[in-house]
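> Numbering (our numbering), first residue to last: 1 to 185.
Check before you lean on any hint, since a few could be wrong.
[Stated by the list, open to error] Simulated pairs of lysine to aspartate or glutamate, EDC-like, Cα-Cα distance not exceeding 20 Å: (1) 57 / 96; (2) 124 / 150; (3) 124 / 99.
None of these hints come from the bench; they were simulated from the model.
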Amino acid sequence: MHRPVPSKCGTASLRPERREGEACRWGALLGVTGQEVTKRHRETCSVLIRALGRSRKALLVCLVAAATAAPQFFGRFGRPYYGDGRHIAILSQSQEGPDGARFRYGFQTENGINVEARGTPGSKGQSNIDGSFSFPFPEGGIGSVSYVADENGYRPVSPLIPTPHPLPAHAIEQIRFAQSQGRFG
Numbered sequence: 001m002h003r004p005v006p007s008k009c010g011t012a013s014l015r016p017e018r019r020e021g022e023a024c025r026w027g028a029l030l031g032v033t034g035q036e037v038t039k040r041h042r043e044t045c046s047v048l049i050r051a052l053g054r055s056r057k058a059l060l061v062c063l064v065a066a067a068t069a070a071p072q073f074f075g076r077f078g079r080p081y082y083g084d085g086r087h088i089a090i091l092s093q094s095q096e097g098p099d100g101a102r103f104r105y106g107f108q109t110e111n112g113i114n115v116e117a118r119g120t121p122g123s124k125g126q127s128n129i130d131g132s133f134s135f136p137f138p139e140g141g142i143g144s145v146s147y148v149a150d151e152n153g154y155r156p157v158s159p160l161i162p163t164p165h166p167l168p169a170h171a172i173e174q175i176r177f178a179q180s181q182g183r184f185g
């Protein structure tokens, strides 16, 4: 038999009415019946509610600790570097075109950055670009790169680009021998 029973907070809830000597679900699990049920039921529920309250607080503390301890930047490169925040003035700037595949632009900044590029029509309808750029290193010194980008790809030239070590004489001799035997290239 179900009827509305007032709960602790003053609202009515539908729950089975317990008769004297009947065990509730928890009482049956604990193996108690009768008047023991209500007393033991209240004790068990209050212990469970207190434990649940403590575990919620502990869970909340753990979540807050994990969120604050987590790194703010993810990925391979970590925190991005934006320089010291000061604005760099542009000392000179020029631009021509574009007129089809033809263009020219360049600029120079007060901190030593120089950029120049020129585009010309390519043999396959593309724009062939040759240009250069240079920039200051944070430790001092200037890095510079010249490049060509055309139907053969992008080809930079710079002392900054690593180059392979020269082949030893015995390796060159083996390559020549293989070529003479017709087994190579």
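> All hints, please: hold or fail.
Verification of the supplied hints:
no., hint, in the structure
1, 57 / 96, "66 Å, violated"
2, 124 / 150, "10 Å, holds"
3, 124 / 99, "17 Å, holds"
Checked against the numbered hints above, the structure violates only hint 1.
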